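Colleague: Starting from the structure of chain A, add chain B where the hints point.
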Amino acid sequence: MDTRNDNQMPVGEIVSQGRLVGALPDPAILSRRRFLGTGAALGVGAVALVACGDDDDGGSATGGETTTGTGASEPATTGGDTGPTVAATNPTGAAAVTTEATVAPQPDPIPGGRLIYGLEGENSQGFNPTTARFGLAGIMIGRAIFDPLMLPDDTGKNQPFLAESVVPNADFTEWTITLRPGITFHDGSPLVSAAIKANLDAHLASFLTRQALLPVASVDIVDDLTTSVKMNTPWSVFDSLLSGQFSFVAAPSMLADTENGGANPVGTGPFIFKEWQLDSHLIATKNPNYWREGLPYLEEIEFRPIIDIATRTAALRAGDIDLYHTNNPGEIVEFRDDDNFQVAESDAYAETNYVMLNTAKAPFDDVTVRQALAYASNVEEFNTIRNKGIVAASNGPFSPGQLGFLEDNGYPQFDLDKAEELLAGRDISFTLASVPDTFNVENNNLLKAQWERAGFSVELATFEQAALINNALVGDFEAYYFRLYGGLDPDNYYHFLIGANAGEIGAIALNFGRWKNAEWDDLMTRGRATGDRAERKEIYEEANRVHAREVPNVYFFYTRWAIIAKNDVADLVKYELPDGGFNLPLEIGRHQVSQLWVNPDA
Amino acid sequence: MAYFARKIGFLLIVLIAVTFLAAALIRLLPGDPATVIAGASGATEEELDQVRTDLGLDDPLPVQYVGWLGDAVQLDLGRSYISKLEVRDTISERAPVSFQLMLYAQIITLLIAVPLGVFTAYKAGTRFDRTANGITFAFLSLPNFVLGFLLIYLFAVKWNLLPASDYQPLSDSIVGNLKGLVLPALSLGLGQVAVYSRLLRVDMIATLQEDYVTMAKAKGLPIRRVLWRHALRPSSLGLLTVVGVNVGSLIGGAVVVEQVFQIPGVGLGLIGAIQARDYIVLQGLVAFVAIVYVLVNFSVDVLYAVLDPRVRHARASAA
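From first to last, the protein sequence lines are chains A and B.
By the count of the numbering used here, the first sequence reaches residue 828 at its end, each step adding exactly one.
By the count of the numbering used here, the second sequence reaches residue 309 at its end, each step adding exactly one.
Honestly, the hints are just simulated from the structure, not real lab data.
Any given hint might turn out to be false.
Only pairs whose alpha carbons sit at most 20 angstroms apart, straight line, appear in this in silico SDA-like list of lysine to any residue [unchecked claim]: (1) Lys792(A) to Lys74(B); (2) Lys148(B) to Arg436(A); (3) Lys74(B) to Asp483(A); (4) Lys423(A) to Arg436(A); (5) Lys500(A) to Trp149(B); (6) Lys587(A) to Arg436(A).
Small disclaimer: the values here were computed from a predicted structure and weren't measured.
Only chain A is shown next, with the shape it has when bound in the complex (with noise of 0.2 angstroms):
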């Protein structure tokens, strides 16, 4: 079932075969200034899509496989090059582009200058990775200061990067994380094992983040490099963690100052903080000892928030910030047709957007209810008039390229008379609530019309973000426009919709809509039991297919992250790994920042 409209992008064609597209941009509608500037990006996509594999194949990572560096530092991402191939290798068939992609030279990267990156919002409980929770910004700040562990290459694997390697034992309950040697931080310490300790230790005394690295048991030095992490229970994606917020590495004098740490970064990373002023900006400059030999390439990144979407907008125009992030389908439209700004798009390992129900309590906790309302939401006219038509609809929590994504799971489509059969003239009425901003105020609208079209009685409602996530947390809410789950892996987000996570209402619980289901839990638990790549996709389909029927949210889209940049940005999202290969180029709106540079042809 192909879920799309006409309006999406090709990229979507590679995305709904669950596979790495990252930033592909769509050829049609990028200028030819642009597409050159993004060829290689284009060619990375296409080679990682012949790395990838069929799924079905059960693809290469299996119980005890080992993700191994190659050591040493060697030279980054250089210029020069000219794009790998397209067409042989690009499903899509875009081979119109391929021609011109193969035959350009890229040009050769430039040292200098200054950029400045536009966020969507700030990252207000400052820079300590295991204390303050990261969003998008937080996290694209971190790929600047500090560096990660690992990094996902463009098949969605986490490949080594301040880590030589991260290795399992063969029944998962211990990984090895050994350091390359020579790395240093910015305030002049070695990175060591004990820093690995330190950072490990941290988030699992943090509630904020300790919550996902339950399975941790201990970590252990073994040697200057070697860090052992010890688990309670088999846990076979301990890596998949490693390159978002956990794998970011502090120097241990920056999580020692409790008090100042957070506001004064101190990482491994391409640049170094230099200030930071809340809602304004952070300033970071180049760390002339970075150990990637070439990068970056900037003297001086500035983030600057920018939270009101039509300013954010202006301020590109008007030449203010040079480029930003955004997960908002009207910018991205505007974006695609004008020839002065490029756009790399991506909704592959992305967030769903959802309605979460609270199925402990009426009306929610009748599945027929739930499936009633999943067969009264007519996604593709959401789509079309919240999205431009621009997203693809989703169908669970699974997104595309995710183990256990399917096209087809059997979640209720569109259907009213199927949703009036199943509500059988009962009077259903809840409450529909999200956050106060014009944007989900109209989205909630439109529900309501369509919900109502079905014999539900919807009320509205509003809440701040604080009240919103505090009645979430104990139960407190009827219906909530939500967007979570996402990432490399469908274990990240095993805690959310566990039974055990499952409070009662009135009790905290981390499982907001307390839907328990002892199939799902025991698909999801065997699903990080083991390694074995082809089983674990079996698995993960199978508890897809049971969270389609039980129905504890209703779906809508995925989110479509993009990046806008002025053209003369160079290599948006064209990062090459230590070890070779790329990284995936745009996940979940993240990407490398070290690779950027400005070209005055452009």
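Modeller: Below, chain B without anything else, positioned relative to chain A:
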């Protein structure tokens, strides 16, 4: 002297009342700082209680308030629950930004409103008067944020003359600072032009009918001199009062304008603190705004006496 002592005593009472009410009202907001900080990540009830204890949130409100007040008089306003930044530092960073914005807004408003008020009074009832009235009220009827986006579209996007969002501290660049604040200041100030100019116009019309003005005209003084030297000053008391009182509305407007233009001032800080239930920051910022508001109005009172000797004499005889 007794007048000033009474004023200062009154000022202190107002400040205590405002900060206490702010503290009480903030805590009536739905949402709990402890869950904002830790809840959504899986903290247990016990850990959340510990967070509340650590932050002093489990004490009764009067106890929390007295503790805060005791520290505040020693200029210790505490640390943000969220960013861990000192509230005192936050205010010292943000206040100059908002001051500049409001100052520029007032300057722009007065530069437009005073000449407009004077000339519409002189030309009262003419087409010029009616046109000016219509235009200024059109600006008054536009919400700040609408005006802000309109200015951004015209000056930043369409004509590329000024930045849409590029605040630069005065210490970094005077020109950059001015360029970055022109559009926000216009958004904040243009609506007030109607208020200021119409108020001045009414007072000027009354003044222009005074005998001494007629005498000045009869003596053959140029009309420009009559208007600016003889009529403006006695007509400006009402305007001065409104300018002082208007600081409150400017602060309110600045909250919106700072959000639109992403200017890191007190207004943006207030929004962030409210959203994060960062009580300690919110309380510090509200106290600061209250102090500024009360002091500005106190200064206006004093200026009254300077501008109009009758006020000074009346106060002296009352004392």
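Colleague: Indicate, hint by hint, whether the structure satisfies it.
Modeller: Going down the list of hints, with the structure as the test:
About 35 angstroms separates the Cα atoms of lysine 792(A) and lysine 74(B), which puts this hinted pair outside 20 angstroms; it is violated. Annotation: proposed proximity of lysine 148(B) to arginine 436(A) is violated, straight-line Cα distance about 49 angstroms (limit 20 angstroms). Annotation: proposed proximity of lysine 74(B) to aspartate 483(A) holds, straight-line Cα distance about 11 angstroms (limit 20 angstroms). Of the supplied pair hints, the one linking lysine 423(A) and arginine 436(A) holds, its CA atoms being roughly 14 angstroms apart against a limit of 20 angstroms.
Under the criterion of a C-alpha separation no larger than 20 angstroms, the hint pairing lysine 500(A) with tryptophan 149(B) is inconsistent with the structure, at around 33 angstroms. Only pairs whose Cα atoms come within 20 angstroms are accepted, and lysine 587(A) paired with arginine 436(A) is rejected, the gap being roughly 29 angstroms.
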